[in-house]
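One line per chain: the protein sequences are Z and U, in this order. The first sequence begins at 79 in this note's numbering and counts up by one. The second sequence begins at -4 in this note's numbering and counts up by one.
For the record, the hints were derived by calculation from the structure and aren't laboratory data. Treat the numbers as computed from the prediction; the structure is a model and nothing was measured. Don't take every hint at face value.
When the alpha-carbon atoms are kept at most 30 Å apart in a straight line, the in silico DSBU-like pairs for lysine-lysine are as follows [said to hold, decoys possible]:
#1 U/K85 - Z/K157
#2 U/K302 - U/K196
#3 Z/K149 - U/K360
#4 Z/K326 - Z/K336
#5 U/K240 - Z/K149
#6 Z/K151 - U/K295
#7 Z/K110 - U/K360
#8 U/K89 - Z/K149
#9 Z/K149 - U/K295
#10 U/K240 - Z/K116
#11 U/K360 - Z/K151
#12 Z/K151 - U/K89
#13 U/K302 - Z/K149
#14 U/K84 - Z/K288
#15 U/K295 - Z/K120
#16 U/K295 - Z/K110
#17 Z/K326 - Z/K296
#18 Z/K151 - U/K302
#19 Z/K110 - U/K85
#20 U/K240 - Z/K151
#21 Z/K149 - U/K268
#22 U/K360 - Z/K120
Which chain Z residues stay away from chain U? Per the calculated CB distances, all over 12 Å, these [unchecked claim]:
#23 T105
#24 E106
#25 Q128
#26 S145
#27 H148
#28 G176
#29 D323
#30 D325
#31 Y340
#32 Y347
#33 E401
For every residue, glycine included, the Cβ atom is placed at its ideal position computed from N, Cα and C.
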Amino acid sequence: MRLFIFSLFILLLCQAAAQESNIFIVTEVSGKAQYTDKQLNKEQQLLPGQQLSADASVILANNARVSLVHKNKAIVLNKTGRTSLQTFVNQGDKKNTGLINRFFNYIQEGITNTGNDKKLEKYHEQYITKNAGGVKGFAGGEYGVIASSPVIGMLRSTSVTFSWFATNDSSFYDFQILDYQTDGVIYKALLRDNAVTVELQKLVLEPERKYYWVVQKKLPGELSVSFTFSDEPYKSSPEVEFVIDNDKLVSAIALLEKEEEYQKADALYKKLMEALVFENNQFIYEAYLRLQEAQKLAPDNQLIKNLTAAFLARQGLIRAGSEIINSAGNNQ
Amino acid sequence: MTLLKKIYDPHSLIITVLIFLFISLFRFLFLNMHFLDPFNNGLRDYEISDIVYSQFRDPDEVEPVPEIVLINTGLPDRVALATMLQRLKKAAPKVVAVDIELDGRKDSLTDAILKAAIDDMPQIVLAGRLVRYDPSERLFDPLANCDPYFSENATMGYTNFVSEDTSTIRFFAPYEETTDSIVRAFAIEAVKKYDPEKSKKFFRRRNKVELIYYTGNQNSFARLEAAHLLDSTTFQGVLEQALLKDKIVIVGYIGTHEPGEPELDRFFTPLNKRYTGKAYPDMYGAVIHANIATMVLREKYVFEFPKWFITVFSWIFCYANVFIFYRVYNEVNATFHGITRLLQIIEVILIFFMVAFFFYYFRVKIDFNQGILAMILGYEFVMIYETLIRHRIKFLQNL
Chain Z
79 MRLFIFSLFI LLLCQAAAQE SNIFIVTEVS GKAQYTDKQL NKEQQLLPGQ QLSADASVIL
139 ANNARVSLVH KNKAIVLNKT GRTSLQTFVN QGDKKNTGLI NRFFNYIQEG ITNTGNDKKL
199 EKYHEQYITK NAGGVKGFAG GEYGVIASSP VIGMLRSTSV TFSWFATNDS SFYDFQILDY
259 QTDGVIYKAL LRDNAVTVEL QKLVLEPERK YYWVVQKKLP GELSVSFTFS DEPYKSSPEV
319 EFVIDNDKLV SAIALLEKEE EYQKADALYK KLMEALVFEN NQFIYEAYLR LQEAQKLAPD
379 NQLIKNLTAA FLARQGLIRA GSEIINSAGN NQ
Chain U
-4 MTLLKKIYDP HSLIITVLIF LFISLFRFLF LNMHFLDPFN NGLRDYEISD IVYSQFRDPD
56 EVEPVPEIVL INTGLPDRVA LATMLQRLKK AAPKVVAVDI ELDGRKDSLT DAILKAAIDD
116 MPQIVLAGRL VRYDPSERLF DPLANCDPYF SENATMGYTN FVSEDTSTIR FFAPYEETTD
176 SIVRAFAIEA VKKYDPEKSK KFFRRRNKVE LIYYTGNQNS FARLEAAHLL DSTTFQGVLE
236 QALLKDKIVI VGYIGTHEPG EPELDRFFTP LNKRYTGKAY PDMYGAVIHA NIATMVLREK
296 YVFEFPKWFI TVFSWIFCYA NVFIFYRVYN EVNATFHGIT RLLQIIEVIL IFFMVAFFFY
356 YFRVKIDFNQ GILAMILGYE FVMIYETLIR HRIKFLQNL
């Protein structure tokens, strides 16, 4: 009898411990997120700090995102619709790579990727992209200069028009293209206009190397020979990063051209399909050009205007997107 | 005795002394010629423990800290802040630490509403700043950047960290003396209210400056948005679920690190994936305070070996290396270069591993840079001693 009670006690203890470790802690919720579990009759709003059991499901609305911690592992949910947490229960048991493995990977990585200056630079660039920052660098925030065309991500070395919204309080704009690694100035111009077309093929820009462009507003009294840039964001645009890559776009087009649907599509739909493929490949500016071409093909098509506005909003160019919507409204 | 005789070699000892003299001279010169220091803003500002934090920790591993909840206020006006505080009071947290400087007075009505909300909250900690230090008195001016109108009935803590403007935040000072009184760090004041025993234990360490042990970035802490408090329906959920009850709530500007966000209250920490050179500041001030509070609550401190121990060990280590190098130089001269360089590489990797191992598993930080530098210089100094010094000094030839 004693043995039975003791075994039962141990069993219950183990079960309680297992349940405890199957708790999902919600750390962050953005957008509309709900959850439900066996005990709940209807869906409830999900809030940070809540603890969910493994039998719960999370239901996300469009663009919603939830961060969870389960068995000391971070989980991010961003798929629209219902996700059962049960799917993550066994994933948490995966064995971690230990310190020794990570240490030797680090040493090996350092040796193999830093054999010469070129390799080191490449390694560094690959490293940078793993960091926070991403490619969507437009979000308005407190910046005084807001871009109006999405020159970001991957670019072809062709003629590219950089543009931004004119500010009321400035007469000139100091536009620069700089090397991301060294901050070395590749191109600079003092402009009266709020747009500049640069023939990138004439600049010394290396493929797969990261660069950024930035604009600072200037008043006549602030002009100086050295073009010193201010650190105050309200005077400038964000630093928008881009990388030159000609090959990837060619292969993306080649793949698209093989698609039967693309071959059958009319000119307008071809443009829209190209825009979608380019955006997925991070050729944001090329995608934007295709959308503009689509607008020219069907100037009264409200759907295309909405698509372009949504595209710009996805890049963080809310103002540019809303101007398209507003101009469409005015036309009607 | 025989062993001592075996390992005693006057030449190795002289070379060891020369190496440490050189290191001291080098340090003295570089301290006085700051502009010559190529590592001033780059490599100098990193430590091996940074690599442990940023590279050797499992990037997917998160240690949750349910005792602390962060609330991102964005950039609220004072009325919104007052409303948030009023609602927070209803949610019954144990401590509310407001990492927003209430500098100066604005509109008298909104200020009065905010003051009433603060006064109604005995568990509040307000943020202040140490701004001026008087070296002759060795005292700071009283805490600034928080109007006394708001702080007269509230506890205040300073949000300063021990660091230069752009360098990595590794340390904080638990307390400082001002011309008025002794003031404590913001996170420490929060812990003191939450668990006085833990803060007492912390002060028993008697460290004037404390190394911060980082539990994690903001993934470790639940993070609510201002809207969660200001929206009545959501707030009802917060109350029903008791999400803030008996917790430390840190209220401040905590962005999402999305590009284009204003770079406010954001710092470099050892968790930054890019531990050298130019990078993005990776952690918001409020999250650093949360890490400090977690360190004290969980008593997860970083331990350091005493400096004297490290110095003695560096000397022994350097001597042992020089002893071996010297033997190799005199006995198998043809392979001196190859053997010593190979030994040096193996030793550097082993020491790097040991330093990482102790920090990773035991939070013991070993600053063995001097020992490593001495070992690396050992090769050059054995050659300098043998080719330039020894044969010119008779006394050394007779040793």
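Tell me the numbers of any earlier hints that the structure contravenes, in ascending order. Hints 1, 7, 13, 14, 15, 16, 17, 18, 22, 23, 24, 25, 26, 27, 28 not satisfied by this model.
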